[in-house]
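Protein chains in written order, with my numbering: chain A, 6 to 365; chain B, 6 to 365; chain C, 6 to 365.
It should be emphasised that the hints constitute simulated quantities derived from the structure, not laboratory data.
Hints may be right or wrong, so weigh each one.
Since the list can't tell identical chains apart, any single copy or any two copies may satisfy a pair.
To be verified - Calculated pairs, DMTMM-like style, for lysine to aspartate or glutamate (alpha carbon to alpha carbon, straight line, at most 20 Å):
hint, residue 1, residue 2
1, K343, D283
2, K187, D276
3, K292, D125
4, K292, E9
5, K94, D283
6, K332, D227
7, K257, D276
Given next are the chains, with one letter for each unit.
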Amino acid sequence: MFSEYQHLIDLNDYPVSWWKKVVELGEEIYSDPAAFAHECDGKIMATLFYEPSTRTQMSFQTAMIRLGGQIIGFDNPANSSVAKGETIKDTTKIVSNYADVLVIRHPIAGAAKAASLTADCSVINAGDGGHLHPTQTLTDLLTLKIEKKTLSGLTIGMCGDLLNGRTVHSLCKALSMFENNKFVFISTSELGMPAYIKDIIKANGSSYTEVNTLEEAIVDLDVLYMTRIQQERFASEEEYLAQKNTYVLDRKKMLLARKDMIVMHPLPRVDEITVDVDDDERAMYFKQAKYGMYVRMALIMTILKEKKQSETLKGKVFGGVKCSNPKCITNHEEYLPKSFRSSGDETLLECEYCDERKLI
Amino acid sequence: MFSEYQHLIDLNDYPVSWWKKVVELGEEIYSDPAAFAHECDGKIMATLFYEPSTRTQMSFQTAMIRLGGQIIGFDNPANSSVAKGETIKDTTKIVSNYADVLVIRHPIAGAAKAASLTADCSVINAGDGGHLHPTQTLTDLLTLKIEKKTLSGLTIGMCGDLLNGRTVHSLCKALSMFENNKFVFISTSELGMPAYIKDIIKANGSSYTEVNTLEEAIVDLDVLYMTRIQQERFASEEEYLAQKNTYVLDRKKMLLARKDMIVMHPLPRVDEITVDVDDDERAMYFKQAKYGMYVRMALIMTILKEKKQSETLKGKVFGGVKCSNPKCITNHEEYLPKSFRSSGDETLLECEYCDERKLI
Amino acid sequence: MFSEYQHLIDLNDYPVSWWKKVVELGEEIYSDPAAFAHECDGKIMATLFYEPSTRTQMSFQTAMIRLGGQIIGFDNPANSSVAKGETIKDTTKIVSNYADVLVIRHPIAGAAKAASLTADCSVINAGDGGHLHPTQTLTDLLTLKIEKKTLSGLTIGMCGDLLNGRTVHSLCKALSMFENNKFVFISTSELGMPAYIKDIIKANGSSYTEVNTLEEAIVDLDVLYMTRIQQERFASEEEYLAQKNTYVLDRKKMLLARKDMIVMHPLPRVDEITVDVDDDERAMYFKQAKYGMYVRMALIMTILKEKKQSETLKGKVFGGVKCSNPKCITNHEEYLPKSFRSSGDETLLECEYCDERKLI
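Isolated chain A, as found in the complex:
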């Protein structure tokens, strides 16, 4: 299946050279935003937020406005007649008549991909459940590019709930594509990085180590990427109380870190970084949000300029085979072709919407 519009559903749909191009354009815009103030004059972006994410939505809206474009959209699914009952196909068919680019946030995996199959304009994935959030990864790459001047040869610590963290999974996959990056995973043993991410890291020729405390890791890091561990993820309340401070970044732990280490966080934070760290000049998480706006400007420009056809579905439909992930969009919208990629292993198929593997 082909679409005559460019979309960003999954970073892996593009070669690393394309990511670099977007990140470099983001850096250019950051250093001279005024030069880009009319790049999208007369263009309209629709933000279709089927679940609220005010920060992401405002970041996209500002990005479009700063390029000279205009915005429409919704953020209130319960109240929205579009969201009630209507298929994603029908909604995006209609809204793509109004807008030049759709930015979709949806609680179900594969929803943005589904939209890209039929939309009559470009689609950007602004998060599809726990599955993908490519513009967060682009944000992280631009932050590293500007603050560390490189995307290679870095030692990156990742701390918190690494098992369930969409952001860190995606960043590992991305950074392992660049040379000589080393990862240090800081977590409880129950909440460690999943095996399939470690496999990707190894396959890409990067290396990783795993440790249980922030103190032992922080000394050698170029980058510390903090995420939250929710209390309910611990085995018991006792364990939570005993361990929680191990994964909290505070001024004292910052004393152990290098002078040029930077602290990142996808935000919102809860209490995994104490407020007094904010004034440390190595704290980069608020600036990171700003870089997010610039990389989204770069992305919107890139997507709208490149008019070449993009391939949407590349896999195959296998008779009555359905994805077994109940949170996959193909189990919510009947009309979608149930397309699977082969996984290399003959007995396994990979759903093209949500990446879930299925034995056949």
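Once you've looked at the hints, dock chains B and C against the given chain A.
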């Protein structure tokens, strides 16, 4: 009562020549939108949606943006302080200080008319309960104008729940004003077109037939206008199960239709048109939504340019006579003059807000 | 503590000369809005409404748009991920990366001040609970300036619930700074103007009288400022029924007033002004809303142009001393420095966020 601003509350407030002018301007904009990109520079539109209708709201917003104007508004009545307790008069008085045109959607019949009495700017009715939705009718007219090249001499099938369908009533009234149109009503006998619409059709010199199945009608149609029949409208579940497929348009029924027949639908659809019809080039419902944007551009331009006074209330107040429709705005907002038109019949008055007739 | 941006949190942070400057600029804009249509080209305003206030939000949005700027924001706290769990500091840190000015409405006293401590752009207080609403007062001043041609030598009647009325308190404080203004407080004895406001009036050299009925006061007024008395504020239902009409302005009472008296109201009204007063040319409340838009344009321009540093916290932190007001922001956001001003009296401290006094 006079207003110094032009409003669109009811298409019947204008002669057919005015409708034609708006539709023709819509066609002009459609063929060269760039030529109109600055027609509303510096103008502001406020969308006051007392009930959510995301699709209609986005259509209006995009229309204004594509004319160079800007948008404000609300769509969340439960949360809106404006909607809480304040009269329509006070809200529209205030908001008309901010905006050049108000677009009002409201669950109660006559609400937009009520707003036009006191607003200090133009008012457009974007749907007042089950009563009127004039921009949908303009959308349908522009679709016919572009796709069939004419508004006359057409055979138009209307299928579904014709008893309760505001859209089809309004389109019948409009199309019967043009020459040589024939209507074919396709419905169960319980859900047929109301007598008063058939009377209007006859009075305007048009003709109609009534049939019970889509198959028998589809062969001769220039246009098939589909609407939904809700399950609960059928006499019993047995009847529903027995009949529902009769009113569903699918690929098989499309084989019976002429090559130049077009399929229209006001959207959202549920399952009255199967998804596989979407790829048929005669399926016009998504394009129809696009035409809706162009005709709204034409309407906004027309309304804002014509500065001549418009008459608002033309009827009379008859002592203590009140409208008997509980869903009429005059029974919700006390201060409104309870104005009635004579209906031709001396014993009947017609409420000027909701068109309900009342014996006196 | 210093901020490199100008904020408007409390009118009292500025000298009267500054208020005059803003009001005069508002008058200039009112008389020639087109001359200011590009003053904020390329600027973005974010409206962060933690509680809905559609009218105020639309007034700010329109003001920014009419200056050539653009708008983003939220108004739906329940649905907003920004509002959920995240501190005001983090939210405003992030959003101030996107926007040039934040307009904050919040149910808790001192919230806008808290935002101004850390935001990386200007902050305007659009109402913080029952505490302050400075742009309403600027609106009232511009209304007087245009309609009465002066801010001095006026006899101003204030009618309704004067005990709980944030608007009238603030206007008293402001107008007593100008020469020869006289106040007439019209209320039940239970709902009279608080002593501390009367003290301020006397300290500023103005005078006031108190009466119980609108009839006895209206004859001599230059200005009548109406507010609502809620039924539940009366001692009993009997008292409510006996007295309510005393505080309702109707056509009959307007007959007693001078020909050049103007009627103001912060809106929304409920029934304290009958609808038939609206057509009296002395009724100024809808125009007042319009002036609110112009004074907000003046304010945004002023705030964005003056790039000089502003002092944020001027008081001192006293060991473990906390504000005793449960509706003070310092009791909701832990990280805020609990700063107090001395009150003149050595045993009393004044919270710098909510102005509550505390014995020490």
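As a check of your reading, is K292 near E9 (CA-CA no more than 20 Å) within one copy, between copies, both or neither? Answer is between: at 17 Å across copies they meet the 20 Å cutoff, but 35 Å inside does not.
At most 20 Å between C-alpha atoms: does K187 with D276 qualify within a copy, between copies, both, or neither? neither (27 Å within a copy, 53 Å between copies)
Within a copy, between copies, both or neither: where do K332 and D227 come within 20 Å Cα-Cα? Neither: 36 Å inside a copy, 43 Å across copies.
Cα distance capped at 20 Å. Does K94 pair with D283 within a copy, between copies, both, or neither? between (44 Å within a copy, 10 Å between copies)
How would you label the pair K257, D276 (within, between, both, or neither) given a Cα cut-off of 20 Å? Classified as within: same-chain Cα gap 15 Å, cross-chain 61 Å, threshold 20 Å.
Within, between, both or neither: how does the pair K343, D283 come out at a Cα-Cα threshold of 20 Å? between (47 Å within a copy, 18 Å between copies)
From the Cα coordinates, with 20 Å as the cut-off, is the pair K292 and D125 best called within, between, both, or neither? between (35 Å within a copy, 11 Å between copies)
Of the numbered hints listed earlier, those contradicted by the structure are 2, 6.
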